[in-house]
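**Q** As a plain string of letters, each chain reads:
Number of protein chains: 4
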Amino acid sequence: MSIKAGIINVTGYAGMELARILRSHSGVELIAVTGRSAAGEQLDEYLPHLDRMGLPIVEQDELDDVDVAFSALPHKASAEACVAMLGKNARVVDIAADFRLHNVEEYETWYQPHPAPSFLEEAVYGLPELHRDQIKEARLIANPGCYPTGALLGLAPLVKEKLIEPNVIVDSKSGVSGAGRSLSQTVHFSEANENVSAYGLSGHRHLPEITQELHEIDPSQKWAVTFTPHLIPMTRGILSTIYVTPVDGRLPASPEGAQRLRDLYEDYYAAEPFVRVTKTPPQTKQTSGSNMTQVYPVMDQRTGRIIIVTALDNLVKGAAGQAIQNMNLMFGAPETEGLEEFALFP
Amino acid sequence: MSIKAGIINVTGYAGMELARILRSHSGVELIAVTGRSAAGEQLDEYLPHLDRMGLPIVEQDELDDVDVAFSALPHKASAEACVAMLGKNARVVDIAADFRLHNVEEYETWYQPHPAPSFLEEAVYGLPELHRDQIKEARLIANPGCYPTGALLGLAPLVKEKLIEPNVIVDSKSGVSGAGRSLSQTVHFSEANENVSAYGLSGHRHLPEITQELHEIDPSQKWAVTFTPHLIPMTRGILSTIYVTPVDGRLPASPEGAQRLRDLYEDYYAAEPFVRVTKTPPQTKQTSGSNMTQVYPVMDQRTGRIIIVTALDNLVKGAAGQAIQNMNLMFGAPETEGLEEFALFP
Amino acid sequence: MSIKAGIINVTGYAGMELARILRSHSGVELIAVTGRSAAGEQLDEYLPHLDRMGLPIVEQDELDDVDVAFSALPHKASAEACVAMLGKNARVVDIAADFRLHNVEEYETWYQPHPAPSFLEEAVYGLPELHRDQIKEARLIANPGCYPTGALLGLAPLVKEKLIEPNVIVDSKSGVSGAGRSLSQTVHFSEANENVSAYGLSGHRHLPEITQELHEIDPSQKWAVTFTPHLIPMTRGILSTIYVTPVDGRLPASPEGAQRLRDLYEDYYAAEPFVRVTKTPPQTKQTSGSNMTQVYPVMDQRTGRIIIVTALDNLVKGAAGQAIQNMNLMFGAPETEGLEEFALFP
Amino acid sequence: MSIKAGIINVTGYAGMELARILRSHSGVELIAVTGRSAAGEQLDEYLPHLDRMGLPIVEQDELDDVDVAFSALPHKASAEACVAMLGKNARVVDIAADFRLHNVEEYETWYQPHPAPSFLEEAVYGLPELHRDQIKEARLIANPGCYPTGALLGLAPLVKEKLIEPNVIVDSKSGVSGAGRSLSQTVHFSEANENVSAYGLSGHRHLPEITQELHEIDPSQKWAVTFTPHLIPMTRGILSTIYVTPVDGRLPASPEGAQRLRDLYEDYYAAEPFVRVTKTPPQTKQTSGSNMTQVYPVMDQRTGRIIIVTALDNLVKGAAGQAIQNMNLMFGAPETEGLEEFALFP
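These protein sequences, in sequence, are chains S, U, V and W. Here the first sequence stands for residues -13 to 332, numbered as in our numbering. Here the second sequence stands for residues -13 to 332, numbered as in our numbering. Here the third sequence stands for residues -13 to 332, numbered as in our numbering. Here the fourth sequence stands for residues -13 to 332, numbered as in our numbering.
Incorrect hints may appear among the rest.
If several chains are the same, the list does not tell them apart, and a pair holds so long as it fits within one copy or across any two.
Result set (EDC-like, lysine to aspartate or glutamate): computed pairs, CA atoms no more than 20 Å apart in a straight line [unchecked claim]: (1) K146 x E108; (2) K62 x E242; (3) K(-10) x D53; (4) K146 x E326; (5) K122 x E107; (6) K265 x E31; (7) K265 x E323; (8) K265 x D30.
I should point out that these hints are in silico values taken from the structure, not numbers from a laboratory. What you are looking at is a predicted structure, and each value in this text was computed from that prediction instead of being measured.
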């Protein structure tokens, strides 16, 4: 089998990461890449780390005859590109946010008028650990946000088992590449270096995504999520520290409770290729460049609260790697194909 | 007035920072510095950034005739050194943890048998914003931990006014210098760089300090604090993100509540020279090298929770700067003397 | 004495560093600051690290009644501002490049048509270690570039004594703040971090400055300088590694030659307050935030070449600190006033 | 074909990098790994980034029945381990320095008494671009140092064609992982971060390696090399800036000379899979995690000097990747097998 793939907007960080990973995928042929400002250039001259990847960067409307298109455009533009590719009979993985929220009003509260609301119903939220079966059948995948991936993988086992109060705090620390390749004072090296700050304190766009999916897992609760992202001085990686309160005596503030908590996570993720319940607290560097998510649940026995720490690479499991995992599922390829590389450590 | 000062263990990060700051203090003469492995060397050869600070590094027992001694030794050794200096009629600021916890059992739970429990009663917890009057009269100051300083300055206004539930989450992000100058794999550049992780998940020694002081402010509550420190790839700075829940209608989840919250903080800290309630979210880099703490309270109007973000330099307001602020108070010097430098930005 | 000072373009890195340092200068009153995009804002709100520096940022033409104006504008605009201030009877320190090159053709080869060539003759190249006497009398100072400062302080003793061939290689490593506050892909955190590269390989604008001043010291030689700047992943600091060849037997490739070399430097800089000949190889971090330059000459006894390594903070001795050192000289203040702070280490 | 491989000292940076890369090598089965302090632990628990690499870490003398052994021990210990493995009929790639210098006196000048001098004659210096044919036949490979790899690949074309004077300056900038995993103040995050310094100024052990190989290429010259390594605040990567002087009119200081220079390099490296002559100045980040070396020759037309800039990942082409490239050659596998991954960028 050889899947013909195209990347829309290869010049952003998610786009170039797709190109990097697809090169080691034995079942995919990358036949075309697009990029607005760089159209006309050779991919390996524009991005020298993609050595001898001899593809010309073309305009978006020149992307034809692909089995799958990955869109790494900004939202809104991405929805338009995705719809165009569906019209060309491609299956589509949208790395932008346009098809993640099922509710169009919710989307329009956080973004802008939706450019293609009629496609919201068929789009599948592409977190394989929650929606694997639907992904296999999907024509249009909404690839999850980087923060929601870490938050949801940390919360899913407890939510599924109805073990926690619906009050959740997610405190996330992200590397700067999560802000994309666009320029701003915030990502200026001299100001991001040796600095840490919280942002999005009045509400971050990844919040409704987290809430929606918690509600999908357990609609009986009214989920009240506080989500605080932080920018820290590194390029890749997201660490999320999640605080929840158990509901009843099943997870008591005791060594027994702590063990049950750990068993729950190990069982829940036993068969997942890209989630590992670690024995030591997660380190983002141990996931850098890989599609792995590290998950570490711990009982705060003094207060009875549960803390779950998760780590992943925001550009891989948080973007390009997860997109390829979704593609594998859509096309019946082995789910781990192209994604077996280890993290670069140190 | 000229206060004769000595620094015990000048070769650690807090010790060398004391030397740096004291140089610009017009009312202090630094007459002696000690350092175990470096005894016999000249300070400015051992630490070339302290240019032309022509002091020999001496053994600890050679430290005599000082009005004030700062101890920057590790705990236990520090208590012993402090007691020795008190015996020489010096007033003492202990930057280590030995005299911070009033309760000896609590201390021994987190550390080791206390080397000088009889001094616990007279020691004053040196957070000027909480205990200014006692500090002025003290002979022995327990300089607060770096994390508790940021946590307590973020919480004090709400606790004082009894506005929050006694359930508190403090999620702190610290630069690597907080771990001191000792070597370990954790602080190896190649492993700390491009990495973030949580630590102390089974309990960090700064937790009982936070709890003790919350109880000092409002003993009517049983404070349940979850404190999670994180190591992030920068040298200086601590950002603490604090999550609490208001108790009643005085701080509703509304624009009015948000405004009242902000007014509370601005009023509470109006006269404090080293706490600033900022208009934009704090950045640790804006405090680097200075004694300032930035505090930013915000209402999460979707959930009704309150988030307070604080930023400071762990080696200045979190250690050496606060020690000098305490010394100023103890000796009747202007509180800000020697501490008026701005942060180094960028 | 109180010198009334103004800063033109306080919002760039050199401008804000001037404001920071001037605050601790007992003989200067900073009465006005200008900034194009930020005019109308309060300085301490626009730049929160300048806490309680309660100055409004004004338009450039509102800057009046100052004894000295510092221009931290980009070149060309800076020349125009400097001339305007001279017309208002201020003395001027230009941190930009417009008055550094005496020869207008040379300037126009590297920059653009000179906006005020008639002022070139009176402008003094403000490197105090070379031109102290002229600086004292100057009305208009051309503050040296950051790279030339490190290169010239490393070379001056050998050139002065005519001890080297006129073939010089300067390999410099600079922190990212040297590129200023403007945005570009090069200074994007995600691409500057964990990266090092050479730039300006076809010629950097600081090269003619180095060559001009070597010729000033020894006009009998035709200086052939190769200068290669590199961008490294840190905010502040320049380390320059300089390679030269001795001319004759006075500095032989032997321990004696090595000692003579070291003696030469120690003698030459014995009285300089801001140059220190170090006993260990320089570290930029040991100069961070201070006006110090570290200089370390060493004989490569295998080849007979001499290597000189220099370190400084590009924003202090390489820009704002040196400008204030120049101001002190111009106004008869103690040369070190306001500049005695130690480096921030670690 | 399946080559059975073992790694000696998997717990250092070169050792763990070998394990990472070998995982994606289709023709190798990693059957055993050794590590002194970690013996008895599972590899993937000791190094969580090597997820599900379920090998026990064993003692060195338990390493048997391998076709190839990679030694990533420190020098001296490494020679002993290599000899032991040769005695077990394994072919050996020594990543340490013990067999790099052909001359035992030279080795003993820089290191210590040689533990196995009788093997020096048969050992092959494993830089495939210089010694490919010998490597294919070798039983014992001395894998080159990280600095010499970048220096020699930058110099080889000019030396081979006898186009330069035998006076060479190599100014190298290395990430901190080059110093290995051992602890020291130099690699403490708080002191390596935001810092750059030169080291080895009285002579670095990689210097004789560079000189030896230049002499191998052109023994008619007496090579006088000055080599200055620098430590910069990043984990991986070496950038070397090399300064040489052309000998005659074949490379004149003109656009024609510049073009001839470039043509020379492009021709010389046209067939090399892991050397790329780039169109823009090299960036270490463009090689991070990959086996690629970027080479960029440029004519300084003002002085007639030639500058060559090279970039590589010190742990891959500078250590583990080159070792695997050597193994491929020794066993007749495709030279690029296992080494085709792109760099991780950003």
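**Q** Can you tell me if K146 and E326 fall within 20 Å by alpha carbon in one copy, between copies, both or neither?
**A** Result: close neither inside a copy nor across copies, 28 Å intra and 41 Å inter.
**Q** Between K62 and E242, at a C-alpha cutoff of 20 Å, which is it: within one copy, between copies, both, or neither?
**A** Answer is neither; intra-copy 49 Å and inter-copy 34 Å both fail.
**Q** One pair to classify: K146 and E108, alpha carbons no more than 20 Å apart. Within, between, both, or neither?
**A** Neither: 24 Å inside a copy, 53 Å across copies.
**Q** Using 20 Å as the alpha-carbon threshold, which applies to K265 and D30: within, between, both, or neither?
**A** between (40 Å within a copy, 11 Å between copies)
**Q** Reference check for the pair K265 and E323, CA-CA at most 20 Å: within, between, both, or neither?
**A** Neither, since 26 Å and 33 Å both go past 20 Å.
**Q** Classify it for me, K265 with E31: is the Cα-Cα distance of at most 20 Å met within a copy, between copies, both or neither?
**A** between (43 Å within a copy, 8 Å between copies)
**Q** Using 20 Å as the alpha carbon limit, work out where K(-10) and D53 are close: within a copy, between copies, both or neither.
**A** within (5 Å within a copy, 39 Å between copies)
**Q** Is the C-alpha distance from K122 to E107 at most 20 Å within one copy, between copies, in both cases, or in neither?
**A** Within one copy only: 16 Å inside a chain, 60 Å across chains, cut-off 20 Å.
Hint check: violations occur at hints 1, 2, 4 and 7; the rest are consistent with the structure.
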